[in-house]
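Student: As a plain string of letters, each chain reads:
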Amino acid sequence: MLSLLNEIWQTARRNRLRTALTGFSVAWGIFMLIVLLGAGNGLINAQMANVEQWVDNSMTVWGGTTRVPYDGLKEGRSIDLTVRDIHVTETHFPDHVLKVGAVISSSSGELTYGDRYVSCALRGVYPVLADINKVKLIAGRFINETDLRYRRKVCVLAGRQARELLPSAPERMVGEVVCTGSLAFTVVGVTKEDPSDMNTSLEVPFTTLQTIYNKGAYIGNISFSFHGLPTEEANETFETAYRAVLNKQHRAAPDDRGALYIWNRFTDGLQMAKGVSIVRTALWVIGLFTLLGGIVGVGNIMLITVRERTHEFGIRKAIGATPAALLRVVIAESIIITAFFGYIGMLLGILANLYMDHTLGSRVIGNGIFSTTIFVNPTVDLATCLEVMAVLIVAGTMAGLMPALKAARTRPIEALRAD
Amino acid sequence: MIHLERLHKTYFGAQPLHVLKGIDLDIAQGELVSIMGASGSGKSTLLNILGILDDYDEGTYMLDGTLIKHLSETRAAHYRNRMIGFIFQSFNLISFKTAVENVELPLFYQGVSRRKRHAIAMDELDKMGLTDWATHYPAELSGGQRQRVAIARALATRPRIILADEPTGALDSKTGVEVMQLLRRLNADEGITMVIVTHDPNVAAQTGRVIRIKDGVIEHAAR
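So the sequence lines, in the order shown, correspond to chains A and B.
First residue of the first sequence? That's 1 in my numbering, and the numbers climb one at a time after it.
First residue of the second sequence? That's 1001 in my numbering, and the numbers climb one at a time after it.
Derived by calculation from the structure, the hints in this document are not laboratory data.
A quick note: this is a predicted structure, and the numbers were derived from the prediction, not measured.
Just so you know, even glycine gets a beta-carbon here, dropped at the ideal spot from N, CA and C.
Heads up, a few of these hints could be off.
[Stated by the list, open to error] Computed cross-link-like contacts, DSBU-like style, restricted to lysine-lysine with a CA-CA straight-line distance of at most 35 Å:
#1 B:K1127 <-> B:K1174
#2 B:K1116 <-> B:K1097
#3 A:K136 <-> B:K1021
#4 A:K406 <-> B:K1174
#5 B:K1021 <-> A:K406
#6 A:K248 <-> A:K274
#7 B:K1069 <-> B:K1214
#8 A:K192 <-> A:K215
#9 A:K136 <-> A:K153
#10 B:K1116 <-> A:K406
#11 A:K215 <-> A:K99
#12 A:K74 <-> A:K136
[Stated by the list, open to error] Take a look, some chain B residues computed to stay more than 10 Å from chain A by CB distance:
#13 T1010
#14 T1060
#15 L1067
#16 I1068
#17 H1078
#18 P1106
#19 Q1110
#20 D1132
#21 E1140
#22 D1215
[As the list claims (entries may be wrong)] Taking beta-carbon pairs under 8 Å as the criterion, some of the chain A residues facing chain B (in silico):
#23 E312
#24 A324
#25 P412
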């Protein structure tokens, strides 16, 4: 093995520039592949992180505007969800609907604590929202059933609000009283701060807000978790049935898609998975084609090398080199050049990904109301690196195979006669 | 050692060229034989066939009792490596290998360990008086030194037969004489069969038998 490596080293040393240029094309191909995969992973991870904020088997429903006339009423009618819709959701679909909650909102105001204040909007919520929205708390608890039942004046502070009200120890806001307008709420929990979360809502029990602001039966939206809908088709069937039932409550056509907006996170997740799969495939294809350019370069150089070394191969054959020995040395040279420079390209690609992660990773874009993370952990995992190495070795073998066969098949006397 | 019977060789090109036309030849173990002939007479073709570098079309070639016909390239390589040593007019050393690495190469193809083949190669170079030149590249050596490296390489595997194609052709007369003395000594001391193709009557005169070949036929094979 050492002798083989020495043979290859001697050849590479003899043609330094050519070896370096060949190596560069391979290294560049792998570098691009790793950077593309890393960038793709960054985008995908960010999307997944955004999606993972919610339980994937849940839906949120808003009232919309009717698109078709129905039951003697004109189209363009605004639909407002009511408490009765919560009840209908709970009772009509017992096979699928698990927990139902709702949200109502009030206009924004100022939240004060001592001499500090922040802007906020009150949001009346059901306890189930903690599960559906995967609420993470750094202290205290979320709104519970007792709060709801007794219409308690308690609230859950967003992490950012808590930090602004008590910068030294936001978690100590639990148990403190905060005021908005003439209303005072006891803080029962503080949520974890998320850089992508621009939420400034102060979450209070649904019934409390409903009573204080005299909202009557109207609600903002309904959220519920479900089960037993494993496929896209099953979800579509359920949505159609659900829409028909709720539309009927509001005298809208059963199939009027404008009357209700349904956000189904499960089907979103499925579509996201499809999208992720397409993006991954596209990145691999682009990366592999870039790499292919390098590999063709290696193959081309190896062909030229074999052509230039024909006489030398003739000498080797005359003194006893078997075709297999020549095949081995040419293929090994191709693999070593590809693997060595490919490895360098891979390392540089990983470094570029780490730099990208350092500079762009977890960067949040937002317009003040809605924000999202566009790049999370733009790196490749060990398995991908191993796959890339496997691709390199296969590619190196392929690149060297044809020139090697040419070298091995040339008859010794013809090789010796070559210039 | 070598037995040829009605050996024919034709090169099939635009105009088929019948180069060897029924060669009958026997060379005994330990003989020192020269093959002479004009350019195009077929002497180099004959040497290539003897060295299993080229095939023949008809006839029989027995090397040390083995029929050499339709051998796979792997078996041919094996015979070349174990039984035959080549010395070429243009030395045919590998330019990017040092003298000792060139001598080691046939041993490498025999699978001899790195240390052992280095020792053998150094020993052969020492016999050629080239110890001090072992780590030099062919370009740094004189013609005579290069040919002695080539001889050391040919001897490294202890071959039964050495085939030399114009071994003095690229050397000045003094160096040519030295190389011939070396080959004669190897033949006499180690009993290696030697077949030398040459144009030079002085070289031929130093061999035990001169085979003259003309138009693909052995004209004279006097002892």
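Student: Now tell me if each hint is right for this structure.
Tutor: These are the hints, each one checked on the structure:
1. B:K1127 <-> B:K1174: Holds - the C-alpha atoms of B:K1174 and B:K1127 are around 19 Å apart, at most 35 Å.
2. B:K1116 <-> B:K1097: OK: B:K1116 and B:K1097 at ~18 Å, within 35 Å.
3. A:K136 <-> B:K1021: This hinted pair is violated, its Cα atoms lying about 97 Å apart.
4. A:K406 <-> B:K1174: violated (42 Å)
5. B:K1021 <-> A:K406: Measuring from Cα to Cα gives roughly 32 Å; hence the hint holds.
6. A:K248 <-> A:K274: Roughly 34 Å separates the two Cα atoms, so the pair holds.
7. B:K1069 <-> B:K1214: holds (24 Å)
8. A:K192 <-> A:K215: holds (29 Å)
9. A:K136 <-> A:K153: Distance of about 21 Å is within 35 Å: holds.
10. B:K1116 <-> A:K406: holds (32 Å)
11. A:K215 <-> A:K99: holds (23 Å)
12. A:K74 <-> A:K136: violated (44 Å)
13. T1010: The claim holds: B:T1010 sits with its nearest Cβ about 15 Å from chain A, beyond 10 Å.
14. T1060: Given that every Cβ of chain A is farther than 10 Å from that of B:T1060, nearest at about 20 Å, it holds.
15. L1067: holds (19 Å)
16. I1068: About 14 Å separates B:I1068 from the closest Cβ of chain A, which puts it past 10 Å; holds.
17. H1078: violated (7 Å)
18. P1106: At about 4 Å from chain A, B:P1106 fails to clear the 10 Å cut-off, so the statement is violated.
19. Q1110: violated (7 Å)
20. D1132: holds (22 Å)
21. E1140: holds (15 Å)
22. D1215: holds (21 Å)
23. E312: holds (6 Å)
24. A324: With a closest approach of 7 Å, the A:A324 hint holds.
25. P412: holds (5 Å)
Checked against the numbered hints above, the structure breaks hints 3, 4, 12, 17, 18 and 19 and satisfies the rest.
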